[in-house]
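Under the numbering used here, the final residue of the sequence shown carries the number 199; numbering is consecutive throughout.
It is worth saying that the hints were derived from the structure and are not from the lab.
Any given hint might turn out to be false.
27 Å max Cα-Cα, derived DSS-like pairs, lysine-lysine [unchecked claim]:
#1 Lys174 x Lys129
#2 Lys151 x Lys168
#3 Lys168 x Lys137
#4 Lys174 x Lys119
#5 Lys133 x Lys146
#6 Lys133 x Lys119
#7 Lys179 x Lys146
#8 Lys33 x Lys16
Computed from a predicted structure; not experimentally measured.
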Amino acid sequence: MACWSNIENVTFPLLKILKVHQFPSDILVNLIKNTKGGLSEICICYDGIDSESLFRVIGQSCPNLIYLELSLYDNVNSFIPVFESLLINCQFLSGFIIDMEDNYFGEFNWCELFIVLAKSSPINLFKFKFYSKWGFKLEDMELFLKSWEGKNPLLLEMSFCVVRDEDKFEDLLKYFMEKGMIEYYSIGGGRINENFEWI
1 MACWSNIENV
11 TFPLLKILKV
21 HQFPSDILVN
31 LIKNTKGGLS
41 EICICYDGID
51 SESLFRVIGQ
61 SCPNLIYLEL
71 SLYDNVNSFI
81 PVFESLLINC
91 QFLSGFIIDM
101 EDNYFGEFNW
111 CELFIVLAKS
121 SPINLFKFKF
131 YSKWGFKLED
141 MELFLKSWEG
151 KNPLLLEMSF
161 CVVRDEDKFE
171 DLLKYFMEKG
181 MIEYYSIGGG
191 RINENFEWI
């Protein structure tokens with residue numbers, strides 16, 4: 001722990017990109033505070049992170065955030081209530097990736113996340129990449145797409161190991177693409193490919 005405490009109170013006003021893996025959550029919260037609003041990209045991979053504090057500090061301290069990537073493996077539904085305030089405060093956010101690959105602690109509530117994204121995403125946020133070990137419910141994705149009407153067309157990439165209603169899922173995405181609500185989509189199994197060109 002001593003090595004982490006050396007950076008806990010250091011200020012990083014010029015830091016633009018933060019990528020962390022298995023980083024102590026309390027140190028991470030202080031580190032984000034100490035970037036003084038300069039972060040444009042955040043990538044976090046952690047299992048046991050204090051997601052409520054993390055999302056609160058990102059929303060309060062990162063007004064210039066453009067890209068957010070999360071790989072969360074524990075307490076996976078606890079961040080959703082505070083995620084909405086992050087979306088409201090981070091008005092430049094344009095790309096969001098969430099990876100729930102190793103979720104053994106209960107199924108992630110995609111429906112609740114999709115509702116928050118459709119309701120509160122800033123105008124520039126229309127590029128999404130979703131990874132779920134267990135796949136998505138067709139009705140959850142349909143609700144998300146119907147709720148997206150009137151916003152910028154989606155760039156949407158999804159990967160999952162367990163496919164539910166694969167043919168119906170494909171038909172649903174094609175339907176919304178024909179309506180002009182999806183500009184691009186990709187679905188498949190395995191790991192997520194390279195990031196979108198976010199800018």
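Quiz item: Can you list which hints this structure breaks, lowest number first?
Solution: The structure conflicts with no hint, since it agrees with every one listed earlier.
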